[in-house]
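Protein chains in written order, with our numbering: chain A, 1 to 139; chain B, 1 to 139; chain C, 1 to 139.
Keep in mind that the hints were calculated from the coordinates and are not lab data.
One thing to keep in mind: the hints can contain errors.
Below, computed lysine-lysine pairings styled on PhoX-like, alpha-carbon distance capped at 20 Å [claimed, not checked]:
(1) Lys14/A to Lys43/A
(2) Lys108/B to Lys2/C
(3) Lys2/A to Lys108/B
(4) Lys108/B to Lys29/C
(5) Lys29/B to Lys108/A
(6) Lys7/A to Lys108/C
(7) Lys14/C to Lys108/C
(8) Lys65/C to Lys108/B
(9) Lys14/A to Lys65/A
(10) Lys2/C to Lys2/B
(11) Lys65/C to Lys14/C
(12) Lys43/A to Lys7/A
(13) Lys108/A to Lys7/B
(14) Lys43/A to Lys14/C
(15) Lys2/A to Lys108/C
(16) Lys108/A to Lys108/B
(17) Lys2/A to Lys14/C
(18) Lys2/C to Lys29/C
(19) Lys2/B to Lys43/B
(20) Lys16/B to Lys65/B
(21) Lys2/B to Lys16/B
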Amino acid sequence: MKQNFTKIIVETNKQKIIEITDQIQSIIKSSGIRDGLVTLYIKHTSASLMIQENADSDVLRDIEKYFDRLVPMNESDYIHRTEGPDDMPAHIKSVLTSTHLSIPFQAKDLSLGTWQGIFLFEHRINPSSRTIEIHVIGE
Amino acid sequence: MKQNFTKIIVETNKQKIIEITDQIQSIIKSSGIRDGLVTLYIKHTSASLMIQENADSDVLRDIEKYFDRLVPMNESDYIHRTEGPDDMPAHIKSVLTSTHLSIPFQAKDLSLGTWQGIFLFEHRINPSSRTIEIHVIGE
Amino acid sequence: MKQNFTKIIVETNKQKIIEITDQIQSIIKSSGIRDGLVTLYIKHTSASLMIQENADSDVLRDIEKYFDRLVPMNESDYIHRTEGPDDMPAHIKSVLTSTHLSIPFQAKDLSLGTWQGIFLFEHRINPSSRTIEIHVIGE
Numbered sequence: 001m002k003q004n005f006t007k008i009i010v011e012t013n014k015q016k017i018i019e020i021t022d023q024i025q026s027i028i029k030s031s032g033i034r035d036g037l038v039t040l041y042i043k044h045t046s047a048s049l050m051i052q053e054n055a056d057s058d059v060l061r062d063i064e065k066y067f068d069r070l071v072p073m074n075e076s077d078y079i080h081r082t083e084g085p086d087d088m089p090a091h092i093k094s095v096l097t098s099t100h101l102s103i104p105f106q107a108k109d110l111s112l113g114t115w116q117g118i119f120l121f122e123h124r125i126n127p128s129s130r131t132i133e134i135h136v137i138g139e
Numbered sequence: 001m002k003q004n005f006t007k008i009i010v011e012t013n014k015q016k017i018i019e020i021t022d023q024i025q026s027i028i029k030s031s032g033i034r035d036g037l038v039t040l041y042i043k044h045t046s047a048s049l050m051i052q053e054n055a056d057s058d059v060l061r062d063i064e065k066y067f068d069r070l071v072p073m074n075e076s077d078y079i080h081r082t083e084g085p086d087d088m089p090a091h092i093k094s095v096l097t098s099t100h101l102s103i104p105f106q107a108k109d110l111s112l113g114t115w116q117g118i119f120l121f122e123h124r125i126n127p128s129s130r131t132i133e134i135h136v137i138g139e
Numbered sequence: 001m002k003q004n005f006t007k008i009i010v011e012t013n014k015q016k017i018i019e020i021t022d023q024i025q026s027i028i029k030s031s032g033i034r035d036g037l038v039t040l041y042i043k044h045t046s047a048s049l050m051i052q053e054n055a056d057s058d059v060l061r062d063i064e065k066y067f068d069r070l071v072p073m074n075e076s077d078y079i080h081r082t083e084g085p086d087d088m089p090a091h092i093k094s095v096l097t098s099t100h101l102s103i104p105f106q107a108k109d110l111s112l113g114t115w116q117g118i119f120l121f122e123h124r125i126n127p128s129s130r131t132i133e134i135h136v137i138g139e
């Protein structure tokens, strides 16, 4: 059994869902591990990781809009306001979604469904540099 | 340290929460691994995995109803409509819940709480065949 | 490759987000494993695990308030009412958040972001004793 650690940095410049499937698949290919489990962990609390459909990008746009309605920016009730009107909604969206993902892989291929992709969901408006830690274990 | 990979297929025929605890416990029993971690990964973006109470099925009915209210089918705002009125809500429910679960086990017993069960949460109306990949690691 | 299993018990006495980062970091330090993956699993369906900001506690208070609004106690629609008005909302909040977390660590340090902490999110009003199973794997 072996493990390895790597990280990727994703540059974002607005609230948006960004596909990272190819980058994760590449890391598996070059990991030296044929069969195992990969865990992604995002080191931020105002952006998330997500598995979703990658066939029709309208699905992603509808998800972005739904979350903007569910967690509105102009909520007079928020106490934490010092980092801008999009900050507290970003934290709440991160709680409602995922900070980590674990996906099995076999023969160096992620066990994703036919139309599944791996995504970073950026919740902040201003440009950010997002770090994702990637742990691979297997043999 | 050893690992193994298996999968189960769950047939669904409506929007419903379905218990799969016994099937996962059986896989652990026959895995050849005594102590370790099991990870379940569902290969779909319109059904979820969930840990919940399995003592009173009213809890499950209330969860189903809550999610139907939180993510309504007749939302005039959805762009993605080609796969039916239940499709976009299904994708959103999958983002709000979980695509994967990891549970420790010892002496071939899942470390579930007294009233915890493992469930598949089907978000589509029409019958579906749902594949869950199961990765077991330990010794 | 090695693994170990431990558990912690967190006493709660109201609906609140409670930081447990130091306890998890201590378990890593004394695990005998330098680099690996830690998985936390909470054995309850009315409390959750969460990664969030630990710099400004106002963020936590805003999250608590948001979830109380999103999943109200006085929802006439709930069927499951035998365990008190806070019980069914607690189950729903647990579905909307996380029952397990996986975090990589290197050189005995959790790969948390600068302002990230690990939290237990208690959803019940009455005092509870919450058990979290902790699985560490690595070498």
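Right, here's what the structure says about each hint:
Between Lys14/A and Lys43/A the CA atoms are separated by roughly 18 Å; this keeps the pair inside 20 Å, and the hint holds. Only pairs whose Cα atoms come within 20 Å are accepted, and Lys108/B paired with Lys2/C is accepted, the gap being roughly 18 Å. As the CA atoms of Lys2/A and Lys108/B are separated by approximately 23 Å, the hinted pair breaks the 20 Å bound. About 27 Å separates the Cα atoms of Lys108/B and Lys29/C, which puts this hinted pair outside 20 Å; it is violated.
This hinted pair does not check out: Lys29/B and Lys108/A have alpha carbons roughly 27 Å apart, beyond 20 Å. Restraint check for Lys7/A and Lys108/C: the C-alpha separation of about 17 Å stays at or below 20 Å, so the hint holds. Distance restraint check for Lys14/C and Lys108/C: the Cα-Cα separation of roughly 33 Å exceeds the 20 Å cut-off, and the hinted pair is therefore not satisfied. A distance of roughly 40 Å separates the Cα atoms of Lys65/C and Lys108/B; the hinted pair therefore is violated under the 20 Å criterion.
With a C-alpha separation of about 13 Å, the suggested pairing of Lys14/A with Lys65/A holds against the 20 Å cut-off. The suggested pairing of Lys2/C with Lys2/B holds, with an alpha-carbon distance near 11 Å, which does not exceed 20 Å. A hinted pair counts as satisfied when its Cα atoms are at most 20 Å apart, and Lys65/C with Lys14/C qualifies at roughly 13 Å. At roughly 10 Å between alpha-carbon atoms, Lys43/A and Lys7/A fall within 20 Å of each other, so this suggested pair holds.
Taken as a hint, the Lys108/A and Lys7/B pair is honoured in the structure, with Cα atoms around 17 Å apart against an allowance of 20 Å. Only pairs whose Cα atoms come within 20 Å are accepted, and Lys43/A paired with Lys14/C is rejected, the gap being roughly 29 Å. This hinted pair checks out: Lys2/A and Lys108/C have alpha carbons roughly 18 Å apart, not beyond 20 Å. With a C-alpha separation of about 28 Å, the suggested pairing of Lys108/A with Lys108/B is violated against the 20 Å cut-off.
For the given pair, Lys2/A sits about 43 Å from Lys14/C by alpha-carbon distance, which is inconsistent with the 20 Å threshold. For a cut-off of 20 Å, the pair hint linking Lys2/C to Lys29/C stands: about 14 Å separates their Cα positions. Restraint check for Lys2/B and Lys43/B: not satisfied, since their Cα atoms lie roughly 24 Å apart, outside the 20 Å limit. Between Lys16/B and Lys65/B, the direct Cα distance comes to roughly 10 Å. Compliance with the 20 Å bound is thereby established for this hinted pair.
Under the criterion of a C-alpha separation no larger than 20 Å, the hint pairing Lys2/B with Lys16/B is inconsistent with the structure, at around 35 Å.
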